[in-house]
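Q: Take a look at the letters that make up each chain.
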Amino acid sequence: MAEVTLIKAINDALATEMARDPSVCVLGEDIGRGGGVFRATEGLSRRFGPERVIDTPLNEVGIVGMAIGMAMNGLRPVAEIEFSDFIYPAFDQIVSEMAKMRYRSAGQFTAAVVLRAPAGGGIRGGHYHSQSPEAYYIHTAGLVVAMPSTPADAKGLLSSAIRGEDPVIFLEPKALYRTVKGEVPEGEYLVPLGVGRIVRPGSDVTLVTWGGMVPVAEKAAADAATEGVDVEIIDPRTLWPLDIAMIEASVKRTGRAVVLHEAPRTCGFGAEISALIQERCFLHLKAPVARVTGFDTPFPFALEPSYLPDPERTLRAIRASMDF
Amino acid sequence: MTDAGILSVLRPDGTADPLLDPGLPDPELLSLYRHMVLLRAIDEKAVALQRSGRIAFFAPSTGQEACSIGAGHAVREGDWIFPAYRDHGVGLMRGYPLASLIGQLFGHTTDATRGRQMPNHWCDRSIRLVSVSSPVATQLTHAVGAAYAAKVRGERVAVLATFGDGGTSTGDFHAAMNFTGVFRLPVVFFCENNRYAISHPVERQTASRTLSEKAAGYGLPGVRVDGNDVLAVRKVVGDAMERARAGEGGTLIEALTYRLGPHSTSDDPTVYRSEAEVAGWREKDPIRRFAAFLKGRGLLEDPAAEEAGAKEIVRAAVEVAEGAPPVPLSSMFEDVYAEIPWHLAEQRDSLLSGTG
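The listed protein sequences correspond, in order, to chains X and Y. Using the working numbering, the first residue of the first sequence is number 126, and each one after it goes up by one. Using the working numbering, the first residue of the second sequence is number 278, and each one after it goes up by one.
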């Protein structure tokens, strides 16, 4: 097994799936000769040709709409949006068309599109290159939302998304593209959608987090360990449908839960996870479910380090839960 | 908007221009007529059903029958149809069963889409008639994708996308036209310019002289056709579909027609257009105009009998659809995902057990 970056693992997944199934196509802006703004599609055009690696005009509505039509007519399109912040012009196509095609046609037509988009902050990208939009898509019936935090998961989840029968919003934590390395199995490799990962087992507090916040959680857990607090970190990997069974089992064991995410707090996914834990684990809880999140402001450029949750804020929430 | 440069086949004297006549055999001509009559009978019945509270909604195509039926006749097996909500006639012409069409209005078990959408939002995979959406023109980019898939597979098929004049104002229209031009895709954009997008006249949709001339900006041919002339529509759409199938790319067609009725059963057109204007267009009724041609050819004897026959066919279909059992409650949770995930299973079970 080779040790590679997360972006390389995504490139590997695309190449592996395209080699396996000739109906897999990728489309987007600058993805062909340019290899994509983050180089996720590097080398694919040369290997698979411009008919399957489609450089589109600059239009997100066109990219998503075209991908829907391609999927309806037998292809398996993987569309790249350069930044998840650029999706909004195509929001209607995603939430009303792609997500609902199966339902509204009673299964006669489906739109199994994979929409890849770099998400989250931490790269000094400012408002238009840093948002964490997962809650919009989780709120939309019919969409699967996935977000890897390791190279192996990136390859395995993306491969499962491409083979699946549902539309998938595949959010990639761009801060981790080149900062995280890990061993990735060569050849075909699948991580099932809907199954979470225990990043670090522990017995005192359950810390649920995903994407770019996983390394923050790991640092906070290491710091907590020096204070004698044993934190269990769970990365759902697929945000929706959520692996609630894994979270429920963990919280019932630890009796404490902290949810950590970059997105703004109000109606963020942490709110839903908190409610689910409250509904299912109420009699096991020794403390209120705590949230560590971005603030309810637009994403700030200069103050990004203070906006994004860090190990210190996370540790404070862990301590508060322990001391309740 | 000027009416210059509009292609017509049916002449005022009831004969066809021999240079432009698509030359359809007599049974086909009669079939076009009968489908137009059937379409109007469906409209009249559906509006009456809504007025009496038996269905929730309807968007009639009265006045535009030549568009739907003419374009629908140009679609061949293997072609795809991405229709707007007023174009049930295209599907009907292509073989969409009347029972399913009427069943969709009621949303009972004879509705192939299981009561998921309001009336006028039908689809049928078996004839590649794609699900209708309420926001206008969202289907146009899907047509592009379907055409792309067909093209890379080397299939000689065309994709017909229909929409109204209001649809040309949308970003989706721009994206679809632009992609079609850039990728040289076999998409025929059939715009039925019926002069109004709900209450807004076409002049409020565009400052361009015509809608068809927008094609030039995308590197596509643009054609204007008399949308109340079924033979002209058949000819123009047929030619464009042939071009598409032959790998010569897409076309934008602007069919000039008029919506004689309301936008939908929720609309009162008397507040935004004059009775005189409507009366003028009634004189150009596409069914009456085609009937005159058929009579001249000795193919049609008794239009009143044709209309009565169509009404009876529709009445019988309504009786079946209205009497069908309702869709089962549990079906609400199906087809959201390929498989029912845990949260939907929980919500379904709580609803069914009365504990939700």
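Please note: incorrect hints may appear among the correct ones.
Here are the in silico distance ranges between beta carbons for each label pair [said to hold, decoys possible]:
1. Y:D544 with X:P214: 49 to 57 Å
2. X:P175 with Y:E519: 52 to 60 Å
3. Y:G372 with X:D180: 46 to 54 Å
Facing chain X, according to a computed beta carbon distance under 10 Å, are these residues of chain Y, among others [unchecked claim]:
4. T390
5. R402
6. V409
7. V421
8. A426
9. K428
10. V548
11. S551
12. V555
13. W558
14. A568
15. P603
16. S607
17. P618
Keep in mind the hints are simulated off the structure, nothing from the lab. Idealized CB from N, CA, C, for every residue including glycine.
Q: Does each hint hold? Answer for all of them.
A: Going down the list of hints, with the structure as the test:
Between Y:D544 and X:P214 the C-beta distance comes to about 29 Å, which lies outside the given range of 49 to 57 Å. For the pair X:P175 and Y:E519, the supplied restraint of 52 to 60 Å is violated, since their beta-carbon distance comes to about 27 Å. Between Y:G372 and X:D180, the C-beta spacing of about 38 Å breaks the proposed range 46 to 54 Å. A distance limit of 10 Å between C-beta atoms decides the matter here; for Y:T390 the minimum to chain X is near 5 Å, and the interface restraint holds.
At about 4 Å, the closest approach between the beta carbon of Y:R402 and any beta carbon in chain X falls short of 10 Å, and the interface hint on this residue holds. At about 9 Å, the closest approach between the beta carbon of Y:V409 and any beta carbon in chain X falls short of 10 Å, and the interface hint on this residue holds. Interface restraint check: Y:V421 against chain X, minimum CB-CB distance 5 Å, threshold 10 Å, status holds. A hinted interface residue such as Y:A426 counts as satisfied when its beta carbon comes closer than 10 Å to some beta carbon of chain X; here the least separation is about 4 Å, so the hint holds.
Contact between Y:K428 and chain X, as hinted, is supported at the beta carbon level, the nearest pair being about 9 Å apart and thus within 10 Å. Nearest Cβ of chain X to the Cβ of Y:V548: about 29 Å, over the 10 Å cut. The hint is violated. Nearest Cβ of chain X to the Cβ of Y:S551: about 35 Å, over the 10 Å cut. The hint is violated. Given hint, Y:V555 at the interface with chain X, is violated; its Cβ is 33 Å from that chain's nearest Cβ, farther than 10 Å.
Using the Cβ-Cβ criterion of 10 Å, the hint placing Y:W558 at the interface with chain X is not satisfied: the shortest such distance is roughly 33 Å. For Y:A568, the interface hint is violated, the least distance from its beta-carbon to any beta-carbon of chain X being 36 Å, above 10 Å. Hint on Y:P603 is violated. Least Cβ distance to chain X is approximately 15 Å, over the 10 Å limit. About 14 Å separates the beta-carbon of Y:S607 from the nearest beta-carbon of chain X, more than 10 Å, and the hint is not met.
Satisfaction of the interface hint for Y:P618 is found here, the shortest Cβ-Cβ separation to chain X being roughly 4 Å, below the 10 Å cut-off.
In the structure shown, a violation is registered for the earlier hints numbered 1, 2, 3, 10, 11, 12, 13, 14, 15, 16, in ascending order.
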